[in-house]
Amino acid sequence: MTIHVKFFASLREQMGRAEVTMEPDAGTTVAQVWEHAARDVPMPDNLLAAVNMEYANLDQAVSDGDEVAFFPPVTGG
Amino acid sequence: MRVEVREAPFDPWDVLRCYQDELADQVGRYGATAVFVGTMRDFNEGDAVQAMTLEHYPGMTERFLEDISAWAASQWDILDSLIVHRIGPLWPNDPIVLVAVWSAHRAAAFDASRFLMEELKSRAPFWKKETLASGERWVQKNTPG
Chain G
1 MTIHVKFFAS
11 LREQMGRAEV
21 TMEPDAGTTV
31 AQVWEHAARD
41 VPMPDNLLAA
51 VNMEYANLDQ
61 AVSDGDEVAF
71 FPPVTGG
Chain B
1001 MRVEVREAPF
1011 DPWDVLRCYQ
1021 DELADQVGRY
1031 GATAVFVGTM
1041 RDFNEGDAVQ
1051 AMTLEHYPGM
1061 TERFLEDISA
1071 WAASQWDILD
1081 SLIVHRIGPL
1091 WPNDPIVLVA
1101 VWSAHRAAAF
1111 DASRFLMEEL
1121 KSRAPFWKKE
1131 TLASGERWVQ
1141 KNTPG
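Protein sequence lines correspond, in order, to chains G and B. Going by this note's numbering, the letters in the first sequence line up with residues 1 to 77, in that order. Going by this note's numbering, the letters in the second sequence line up with residues 1001 to 1145, in that order.
Treat the hints loosely; a few may be bogus.
[To be verified] Straight-line alpha carbon distances no greater than 16 Å define the calculated EDC-like cross-link-like pairs of lysine to aspartate or glutamate that follow:
(1) B:K1121 x B:E1066
(2) B:K1121 x B:D1067
(3) B:K1141 x G:D45
(4) B:K1129 x G:E13
(5) G:K6 x G:E67
(6) B:K1141 x B:E1066
[As the list claims (entries may be wrong)] Simulated DEER-style distance windows between Cβ atoms:
(7) B:T1039 x G:R39: 39 to 49 Å
(8) G:E19 x B:G1135: 45 to 55 Å
(9) B:R1006 x G:H4: 23 to 33 Å
(10) G:D40 x B:D1011: 44 to 54 Å
Just so you know, these hints were derived from the structure itself, not from any lab. Every value quoted in this text rests on a predicted model; they were computed, and no experiment measured them. Ideal Cβ positions, reconstructed from N, Cα and C, are used throughout, including at glycine.
With the sequences and hints as input, model every part of the structure.
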């Protein structure tokens, strides 16, 4: 399956890229997507994740075609 | 109900007047309008801030703001709501966010506007990067209130 991974704000700068496409195995979780996509960058304690633009838990499984986003705590307003 | 994320600067009072002018069918029904305007400061964490860049997650941010607006409408007896938020480069004294809620009586407008602002601050995907004399830094977290 194919999924699209996006990084925002400080994580995008840290990764050196805004997005990447991956082809993980079925049953892959959001946390495992991070491990594959972020390579050597350790997962921040305050990491936030979204799947298809809805907040998601790290143990949620992803599906073919999903958009998985990782970002730091939000600071709008 | 309207949600807008915009790069262009805006005057919240003009936007508010224009939006309320469009609420012709609500005239006579609302007795309370609660308005919050967030404006860029020139200081943060003890440092002078020269400028700021606001980033968002196109699609998710708008959807999130629409969802909390719909939730507020389901929880309080409100007639309408408006959220406008800036992205892109900002300078001190620029308006960042406008939240307005119309209701028959003040409690619903006050409570719903507070809810919208707190949800926006704590959960809406926006990120601020500040420009200081010494360089740039990402804002790590929002102030508690």
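When you take the CB atoms of E19 of chain G and G1135 of chain B, is the distance between them in 45 to 55 Å?
violated (26 Å)
Is the straight-line distance between the alpha-carbon of K1121 of chain B and that of E1066 of chain B 16 Å or less?
holds (15 Å)
Kindly confirm whether 23 to 33 Å is satisfied by the beta carbon distance between R1006 of chain B and H4 of chain G.
holds (26 Å)
Sort out whether E67 of chain G lies within 16 Å of K6 of chain G, counting only the CA atoms.
Given pair K6 of chain G, E67 of chain G holds - Cα atoms ~7 Å apart, limit 16 Å.
Could one say that the CB atoms of D40 of chain G and D1011 of chain B fall in the range 44 to 54 Å?
holds (47 Å)
Holds or violated: K1129 of chain B to E13 of chain G, with C-alpha atoms at most 16 Å apart
holds (12 Å)
Lying within 39 to 49 Å: is that true of the beta-carbon distance T1039 of chain B to R39 of chain G?
holds (40 Å)
Hinted pair, alpha-carbon criterion (16 Å max): K1141 of chain B, E1066 of chain B. Please report holds or violated.
violated (23 Å)
Is the hinted pair K1121 of chain B and D1067 of chain B satisfied, with a Cα-Cα distance of at most 16 Å?
Measuring from Cα to Cα gives roughly 14 Å; hence the hint holds.
For the pair we were handed, K1141 of chain B and D45 of chain G, check the Cα-Cα distance against 16 Å.
It holds: about 14 Å lies between the C-alpha atoms, which stays within 16 Å.
When held up to the earlier numbered hints, the structure conflicts with 6 and 8 and fits the remainder.
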